[in-house]
Amino acid sequence: MELLRFRKRFVDKHQLLSKIHEILPTSAVEIRRFGREGPLSLWIEVQSLLRLCTFLKQDSELQLDLLEHLSVAEFEKVLVGTYFLRSYQTQEQLILRISLIPAASEAWVEVDSVVSVWPMAEPMEREMQEMFGIRFLGLPVGPRFLPEYQGFVLRKGALPGAFT
Amino acid sequence: MIAGLGTGFLSNILILFFIYSLVLLPSAALISYCDRKLSARLQARVGPHRTGFLGMLQPFADLLKLLQKRSAWDWSWEDSVWGSFQAMAVYASLAALPLGSALLMDTEMSSFLPFFSALVLALGSLLLGLNQATIAGWLGGIRVVGQVFSGVFPAFIAFLCVGIHTGGFRWKLLASAQGFYPWSWTCLTSPFQLIAFLVFIISGLIILGLPPLEGSQFPSEIDGGVVSHLSGRRWLLFQLSKFYGFLSWSMVTVVLFLGAWSLPDALVQVLEAMEAKILVSLMEFFWLMSKTFVVMLAVIWIASANPRSRVDQMTDFAWRVLSPFALVALMGAALWESWVVF
Amino acid sequence: MIEGLEWIDWKLGPYHACLPAPMVLRLKLNVDTIVQCEVETGFLYKGIEKIMETRSWQAAMVYADHLDPEAAIFGELVFCMAVEEVMGLCVPARAQFVRMILAELSRIVSHLAFLVRIAKTVHSEVILHYLLRDREKILDLFELLTGARFSLNFLRFGGVCTDMTEGFLERVLEICDNVHIRMREYNDLFIFNDRFLNRTLCLGVLKPEWVLGCGVTGPNARASGFSWDVRKQNALMGYEMLDFAIPVGTGIRGFLGDVHDRVVVRLEEMAQSAEILKQLIETVPSGEYLQEGYAHLKSVPAGEAYVRIESARGVLGCHLVSDGSSSPLRVHFRPPSVGHLMVLPALCEGLSSEDLPLVLASLDIGIAEVDR
Amino acid sequence: MLGARFYASTLSRLLAWARSRSLWYVYTGSGCCADEVMNLMGCRYDLERFGCVPQSDPKQADLLIVSGLVSEKASSHLKDFYESMLTPRYVLALGACVNGASAFYQEANFFKLQKVSQIIPVDVYVPGCPPRPEAIMNGIITLQEKICGQASTSF
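Chains as they are written, first to last, in our numbering: chain A, 100 to 263; chain B, -19 to 322; chain C, 24 to 395; chain D, 532 to 686.
Just chain A, with the same shape it has in the complex (with noise of 0.2 Å):
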């Protein structure tokens, strides 16, 4: 008996960029899909993360009100942040990817935090700021993780010799 997957499809793409237009320029804006059979993913610059979270959150039509995953992996020394959203209503998802190149490996690199937007996304967001060495402008100061190391843990050359 195989089980059927199947998919709520999200609204199509061309609604999802006509309505993006008004914040963000075509060019500044990637829609590919995530995954094998996943839901869209845009793929935007860091600058204009902000603006489109809270467009994203304060439109009537979409609602995206609930950041549950926010998760952070190194492709060949890039940095792909994804931002997984879902609307509460309709249970529908949208991805946000960002991409950050770090100048090293053990230099930070900055974005712009989305807890004024969401605020379940600060423990995430202090994770992430230790482990991968993202400096979230706004996020407000909280206890550490982990005692003091040199270097970021969880990138590749985090530490020399442990497992590269």
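Source of the hints: derived by calculation from the structure; they are not laboratory data. Given the structure is predicted, the values throughout are model-derived calculations rather than measurements. Quick reminder that beta carbons are idealized off the backbone N, C-alpha and C, glycines included. Be aware that one or more of the hints could be misleading.
[Unchecked claim] 20 Å max Cα-Cα, derived EDC-like pairs, lysine to aspartate or glutamate:
#, chain 1, residue 1, chain 2, residue 2
1, C, K301, C, D346
2, D, K643, C, E72
3, C, K160, D, E614
4, B, K152, B, D86
5, C, K230, A, D164
6, C, K230, A, E247
7, A, K255, C, E72
8, A, K255, C, E291
9, C, K230, C, E372
10, C, K255, A, E167
11, D, K643, A, E229
12, A, K156, C, E291
13, C, K230, A, E229
14, D, K677, D, E665
15, D, K643, D, E603
16, C, K255, A, E229
17, A, K176, C, E72
18, D, K643, A, E247
19, A, K176, C, D346
20, C, K255, C, E291
21, C, K34, D, E665
[Unchecked claim] If you want a taste of the chain B side facing chain C, the calculated C-beta under 10 Å gives, among others:
#, residue
22, I122
23, P244
24, A278
25, S284
Guided by the hints, dock chains B, C and D onto chain A, whose structure is given.
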């Protein structure tokens, strides 16, 4: 014989020493053993049964271990002040016990003494709490005092109802007013006395803390309150003072309400005829102690089966519910005596 | 605040009786009521995600166990389903059946452990031992099927590692009837005991805007009126074939979302899990228990996946990135306890210091999964 | 007349018997092993049969059951927790994480997880990840024998 003292004075002293050393002081071990086995049986498990036969030696093992604990810090003068005060509280709660007809010094006010020993115990806990530098100690000490005062007020009024019924506050008077059989006990003579009995039991529990022998397994306050600073011998002294407070309170309850040490009259006349005065007093004492143990185990069983309520809920219950009932019982008992002449 | 008396600072250290696991609570007390509370964790940080990046795919499954030690099957399940989605692998029906039975059984075990912690803070020892006795029966089932009591390590990509031992389903049926009988016992002795009601009604009320603001999910959110269950929304493991209700806090007694609602919602969820087990056992699918050819997975094709499941404490999300090599490039879990921990300071304002252990136990925070 | 040494030895044996038969324990744990200690309190593997009552405060306990991982951040707190217990005190270490043999201890020990024996002296180790409740009970019985100094009698 020493002038003015009855011939039986020396024999009384001997019996008193025998009773205190062999029955009252070891009763702590007996009750703690019964309590652990009974509550274990209630919880579908087997209590301690590896030390000695069926775990009988468990209390002695605990006692010996606690005496061996070397305290990590030196003995400062505050501890000695507190130690002497707590020892005095333990003596107060044990000295004023109604032990049987022939053995006690009976004065007009002798049955008021257990209340003052309960207050002295509370003062001991308060001093202990404030003497610790921890927050848990302060809050615990203040809570204990609030709890005891809210418990003593209704208990005192319920105690007055019994005084009205028996016409005096001598132990002899209170005991002789009750017969051997339950229908002659004061708690069943009139509905108001029954209310006074229930109020007395519940306020006694509030004074001693529900459940009375609260092990430090799950402390009521976050940091264990007054007990948090204690360890080893001091903890043992504190627990013993709480236990003997509970023992004296149950004894007073039995004497006031549940037919003190009164044996059936036929048996007493036969023994009087055989001039066996010491045997009579011993039998009366053991009859009193058996009833006290039954009351203690029943109270422990009921208290440990229910979840514990917060201290402020207990004090609210004492002021708002118990005190009015005690006052109603007082008025009722007075009316019952004056109008209903039996 | 009384003039001249500033707030008392109190640090509840990592190893403390009322804390479920090592974490630090920095409280500011105004004589007895808590004014401010700050939580610090990180004492159990093992670096599960960093170690998974260096392990082979099947060995990484063992680390997903240690995410939430009490209900270990959910960590395995979410990692396993993420890999199956990246590979586009469909699991045979009999394997789905065994996975759902294990998931519902460990949900009951986790809720019983929650009730044990509540009984500990409220010092009702009798009910504590009845709960532990019933929990042992279910742990025996885990032992019968998988050989281990806690970290089961029973799932493989594309199915389960061995078939069900015979006599397992009969005992699961016994457990379901046992759960209903025991629920009546818990209700009379503990949940609807008036002293427990006085203690828990109108205490630690979780407001709906906090639930949305702090990302609280699972039974805590349902106790505050959000009927939101991942098992109903996206059909991943075949829950859509079963009809079961989602218990939601009603707040008839006391406020909506107080400690008593959270306890009652978890009790009803245990009843619903027993219902699910009964419906599952009626139709036992036949067929093989593991997609053939995938017994030893060497490498997963490059790709990404995001999967959420309803674990005992809430929504457990896993974002998996693989680059085709023999070990995952990046695995990131979003445990439900992160939201519960964020809501704790908001719940603590104005709480009496005697009630803090009860509110802390009612949130069912799993520190082992917060500090991965 | 029996020599003084006889009385001293019987007295010390009696005191050791008392210490071993009433071990009040307090446990610190991370997760899996701490659950096993919680199950031990239940009715099937009742620890109170050996006289072990769980305590909530280290000052009143004399057996510390350590389980789970000790990260660099938690090691100083574990030391203070052990120091606040009164002598004579004993330590029972549960599981593989405690002596650095579990799945999280890599060759280079990336997150500086420490062994418990580096922090506090340990009396009895119980193997297993997580150890079975029967193994923990066996650990307590060996601890009792160690305190008594010889094979334990049924007494």
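>> For each hint given before, does the structure comply? Return the numbers of the non-compliant ones in rising order.
In response: 1, 3, 6, 8, 12, 13, 16, 21, 23 and 24
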